[in-house]
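Chains as they are written, first to last, in this note's numbering: chain A, 1 to 218; chain B, 1 to 350.
Possibly wrong hints are sitting among the right ones.
As the list claims (entries may be wrong) - Restricting the straight-line Cα-Cα distance to at most 30 angstroms, the calculated cross-link-like pairs of lysine-lysine (DSS-like) are:
hint, chain 1, residue 1, chain 2, residue 2
1, B, K216, A, K56
2, B, K277, A, K165
3, B, K216, A, K59
4, A, K165, A, K138
5, A, K59, B, K332
6, B, K251, A, K56
7, B, K216, A, K23
8, A, K165, B, K333
9, B, K307, A, K165
10, A, K59, B, K251
11, B, K332, A, K173
12, B, K333, A, K173
Source of the hints: derived by calculation from the structure; they are not laboratory data.
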Amino acid sequence: MNDTKFNVIEELAKSVVLLDDAKAVNLAKKVIADGIDIDMAITSGLVRGMAMAGEKYEKGEYFVPELLVASDVMNAGLNILRPGPKASNTAAGFANPKVVIGVIEGDVHEIGKNLVKLMLETAGFQIIDLGPDVPIRKFMETAVTEDAGLICLSGMMSTSLLGMKDVINMLNKEGLRKRFRVMVGGACVSAAYAHEIGADGYAGNAMAAVREAKSLMK
Amino acid sequence: MTDLECLESLLKRKPAERIVYWEYYTIAFAAIQSGMTIAEAYANPRASYESQKKVSADLGIMFQPVYSCLGNDFGGDSMSMDSCYAQAPATAHYPVNTAIDIWRLQTPDLSSLATLKEGLEFSRLSASEKLDNEPFNVTFNCSGPFTTAGELCGIERFCRWLVDSPALVHRLLRVTTDYLTQAAIIWLANFKNARIMLLVSEPSASNQVISPEHFKMFALPYIKELHENVLNAGYKHIFCHICGDQNINLKYWAEIPMGDPGIISIGHEIDIETAAKYFPNDIIHGNLNPVILQTQTPAEIYEATRKVIEQGKKLQGRYVFGQGCEIPPRCKKENVLAMIQAVSDFGRLE
Numbered sequence: 001m002n003d004t005k006f007n008v009i010e011e012l013a014k015s016v017v018l019l020d021d022a023k024a025v026n027l028a029k030k031v032i033a034d035g036i037d038i039d040m041a042i043t044s045g046l047v048r049g050m051a052m053a054g055e056k057y058e059k060g061e062y063f064v065p066e067l068l069v070a071s072d073v074m075n076a077g078l079n080i081l082r083p084g085p086k087a088s089n090t091a092a093g094f095a096n097p098k099v100v101i102g103v104i105e106g107d108v109h110e111i112g113k114n115l116v117k118l119m120l121e122t123a124g125f126q127i128i129d130l131g132p133d134v135p136i137r138k139f140m141e142t143a144v145t146e147d148a149g150l151i152c153l154s155g156m157m158s159t160s161l162l163g164m165k166d167v168i169n170m171l172n173k174e175g176l177r178k179r180f181r182v183m184v185g186g187a188c189v190s191a192a193y194a195h196e197i198g199a200d201g202y203a204g205n206a207m208a209a210v211r212e213a214k215s216l217m218k
Numbered sequence: 001m002t003d004l005e006c007l008e009s010l011l012k013r014k015p016a017e018r019i020v021y022w023e024y025y026t027i028a029f030a031a032i033q034s035g036m037t038i039a040e041a042y043a044n045p046r047a048s049y050e051s052q053k054k055v056s057a058d059l060g061i062m063f064q065p066v067y068s069c070l071g072n073d074f075g076g077d078s079m080s081m082d083s084c085y086a087q088a089p090a091t092a093h094y095p096v097n098t099a100i101d102i103w104r105l106q107t108p109d110l111s112s113l114a115t116l117k118e119g120l121e122f123s124r125l126s127a128s129e130k131l132d133n134e135p136f137n138v139t140f141n142c143s144g145p146f147t148t149a150g151e152l153c154g155i156e157r158f159c160r161w162l163v164d165s166p167a168l169v170h171r172l173l174r175v176t177t178d179y180l181t182q183a184a185i186i187w188l189a190n191f192k193n194a195r196i197m198l199l200v201s202e203p204s205a206s207n208q209v210i211s212p213e214h215f216k217m218f219a220l221p222y223i224k225e226l227h228e229n230v231l232n233a234g235y236k237h238i239f240c241h242i243c244g245d246q247n248i249n250l251k252y253w254a255e256i257p258m259g260d261p262g263i264i265s266i267g268h269e270i271d272i273e274t275a276a277k278y279f280p281n282d283i284i285h286g287n288l289n290p291v292i293l294q295t296q297t298p299a300e301i302y303e304a305t306r307k308v309i310e311q312g313k314k315l316q317g318r319y320v321f322g323q324g325c326e327i328p329p330r331c332k333k334e335n336v337l338a339m340i341q342a343v344s345d346f347g348r349l350e
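This is chain B alone, in the form it adopts within the complex:
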C-alpha cells in the first residue's frame, strides 16, 4: 500500500498495513526549502502552492496543500515578516481594544475580503489538480473561534475579559463563530467536487493559557457549534489540531464532533494513548516535539521518532504519525529525512 492508500484506508475505518507520516502544515518550511522568504509564501498563493508541492515530492511524502486563508479581516495590522527570525503572520495592532469596539464589531462582508480571495486562489490551484499523493486537495484552514477571538483583541486583554467581562467574550465569540462558519461554507460552495478538509487549531485554548473551567464556559460551546455547523454543511473530516498542553481540557474536547472520522492532532504535551481514550472513534495524529527537528541531530530525531511510532502502534491502526505542531521552517532537510526514515523503518503494523 502507498502512504495515501494507508491513510485513505484509515479514513474509511479500515486497517492499514503501516503507520504513515502526514505533514499538514508546510507553508514556511517549503518556502525556505524553495529559496523563498516566509513573507513571500504568505503573500503569494501560487508560489506557496508550488513550493509545497515540490517539497512534498522531494521528501517523498503525502502532499497536504494548505494556506493561511484568513487574515486581518476585521481590521488591524500584521507584524512585518521581513525578519529572518519570523515564522508566521501575527497581529501587531488589534481591531478591538475597548468594549465599545466589541459591540460595534460586525462579521465582515466575506465576498470582498482580500485574504479570503488569496485563500480561494490557493485552493483553486490545489483543486485544479488531483495528484497521486494528496489525501485532500482542498483545505479550509483557520484558527478556531476562541483563538480567533483572542487575535481580534490581543490575548492579554481577552484573558482579562474572561475573568471580569464574560459578556464581552461571548459577544466576540459569537462574531468569530459566525465568521468562521460562513467562510468554511464558502469553501464548500466553491469546491463542491474537491476532496475538502477543515483544518482548525486552538492554541489559545491550551492550559498554558486558560483553565478547564474557562474552556468549558467559553471555548467549548463555540468550537462545538462551529464543528456541528461545518459537518452539517457537508465537511466529512475535521483535522483538529489541539495545540499545546490541553490535558485537562480533553474531557471537554471529547464532547465536540470531529467528523467521520475526525483527525485529532496532538502536541507532545499530550500522551498518544491518553488522547486515544478520549477520542475512541477518531484518528490520532502526532505527537513528535517539532522543536527537536531544529535542535537535535538526525540520529536523535530518528530515535525520538521511533519512540513515538512505538506508542502509536498501540492504537491498533487508528494512528498517523506527525509532529505536534508546524514543522520548524528553518530545520535542516536531513533532519526531516531522518524522521521520515524512522517512520518507514518502524511503522509496519503486524
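Chain A with its partners taken away, still in its complex shape:
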C-alpha cells in the first residue's frame, strides 16, 4: 500500500476517535474515488478507530457520550463504504460468532447493553439484539433458534440479578446449559455473583466484555 492510501486509512481511524463525522464521510468518499481496498479501509480505518475510542473509554479519557458518537462516526463512514444492510464484520475466527444479547425482563436500562453490543460488533461478533425488558425464556429460545454460541445478559437493577440466575437455571433445566456460553454484566453485577450463579463470564465494562467474549468463544 502506498503512503497516500495508508494516510487515508490512518486519517479514517483518526476521524472516528476524534469524533469527526464530516471528515469520516469525506475520507470514505476518497477511499472509493481513489480505488483503495474497501475492506481494508473498514477494518484498518473505521473499525480500528472505534477500537481506539474504546481504549480511551477504558482508560477514562472517554465516557459514554464520546463512545456513542464515535460509533455514529464509524457508521457514517460505513454508510459510504458499504451502503445498505450491514454485513457482519469479517469473520474473526471465533468458534461461533453469534451472540444473543438483551436486558433482563423488568429493566429498560439498555445503555450498557448497547455499548457492549457496539464493541462486540466492532470486534467481529454477529449480534442478535433482543433489546430491553426481555422475557427470561426468550434468551434461551432465541439462542436455540439462531444457533448462537454466547448469551449476554445485562441488567442494572438488583432484581435483574434474579433474572440472570433464572436464565441459567432454565438452561440447566432444559438440558441446554452446555450448548451456550453465558456472560453477565451491569451495574449490580459482580464477578463473584457471576460465578455464584454459574455464568461463564462477567464483564464490568464494554471493552472487558469484548476480551471476555473472545476468551469464551475462541
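Please build the complex by placing chain B on the supplied structure of chain A, with the hints as guidance.
Just chain B, lined up with the frame of chain A:
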C-alpha cells in the same frame, strides 16, 4: 438517645451518642414485605404509605415516608411493572425524540398533573400524622434536572446531544430545572407546617455515564440553581443522593449548596472519608453496597456493615449509616435485620 434524637441532634450540628441507620427509600421493599406488588405500591399512595410505615415499625427503624412524586408529566409512556423482575418505574417511550420536540417542550401545567396529585396525596397522608420515629414527615422526592432531562429523551440520545448539540441540552435542562423548582415549591406551599425535606438523586450524572467536563458544563449549573431555588424558598435540608461513581465530579458537587446541613448520600463507589473532605459542613450518609443485601448471607452483611460503620466513625459525629442506593426490594428481611443489628452493635461513639 433514640435513633430519631441522634439524627435530630446531627441536623442541629450537635453530637449524637451513636451512629444510626436512616433508610430513605423503601417503596418497593415495603411493598414486597407487605404482600403487595411493586406496581401496586407505585400506583397507590395510601397502600404505599401504610406499607412503608408498617415495615419501618417491624424493623424498628426510623420512618422516612417517600413516594415517587413525578412521572411522565411531559408525555411518554412508562414500562409495565408487572414482571416479577421489575424494581422501579422507568420510561419506555420518550416524549422528546427530535430537536423540534425540544423547542416545542413546555413546562407542564403542574396543577393538572395526575402523578403530582398522587404524590401530594401521599404527602397529605404522611403530613397528617407525626410519628415518633420519623425525622421528616414530608419528602419531596425527584430526580435532579440532569437525570430528568435524560429521562425525557432517553439517555443515549441525551449523551449524543451532550457532544454535538449542546444548545438542545441546555434547553432541556432549562425546562427540567424550572419544572422541578415549581414542583418543589408546590410541596412547600401545601405542607407549610410539616417537617419537609427534599430528596434528590442524579444517577445519570455519574462518571459511569459522563465526564467531569460534561458534569461541569451541563449538570453543575442547573443542579446548583435548583438547590439555590429550593433553599431560598424555605427548604432547610436537601438529602442529595449522589448516585453511582461520581468521584471525579466531587469537586463540582462541592460547589452546590445542600442545606443547613445537607445530607450527602453516597454509593459504595465513593469513599466515606473522601466525601467528608468535599462536604465539610454536611452529614455524610452511606455507603453499604445495597446489592449485598440480596446476594450475601446475614453473617457477611453483618461484617460488611461493621466495616462501613468503622469508616463512618472517623467522621466524628457527622455520619449516618445507610445503603449506597435503594434497598433491594426482594432481599430477605433477615439480611436487613443483620445490617440493622450491626449498626446497633458497632455504632456507639466514644
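Hint by hint, here is what the structure shows:
Distance hint between K216/B and K56/A is fulfilled; the C-alpha atoms sit about 20 angstroms from each other, no more than 30 angstroms. At most 30 angstroms may separate the alpha-carbon atoms for a hinted pair to count; K277/B and K165/A exceed this at roughly 40 angstroms. Between K216/B and K59/A the CA atoms are separated by roughly 20 angstroms; this keeps the pair inside 30 angstroms, and the hint holds. With a C-alpha separation of about 14 angstroms, the suggested pairing of K165/A with K138/A holds against the 30 angstroms cut-off.
For the suggested pair K59/A and K332/B, the alpha carbons sit about 38 angstroms apart, so the restraint of at most 30 angstroms is broken. Our distance criterion of 30 angstroms between C-alpha atoms is met by K251/B and K56/A, whose separation comes to about 23 angstroms. Between K216/B and K23/A the CA atoms are separated by roughly 28 angstroms; this keeps the pair inside 30 angstroms, and the hint holds. Restraint check: the Cα-Cα separation between K165/A and K333/B comes to about 20 angstroms, which is no more than 30 angstroms; the hinted pair holds.
At roughly 28 angstroms between alpha-carbon atoms, K307/B and K165/A fall within 30 angstroms of each other, so this suggested pair holds. Our distance criterion of 30 angstroms between C-alpha atoms is met by K59/A and K251/B, whose separation comes to about 20 angstroms. Our distance criterion of 30 angstroms between C-alpha atoms is met by K332/B and K173/A, whose separation comes to about 25 angstroms. Between K333/B and K173/A, the direct Cα distance comes to roughly 29 angstroms. Compliance with the 30 angstroms bound is thereby established for this hinted pair.
This entry does not satisfy hints 2, 5, going by the numbered hints stated previously.
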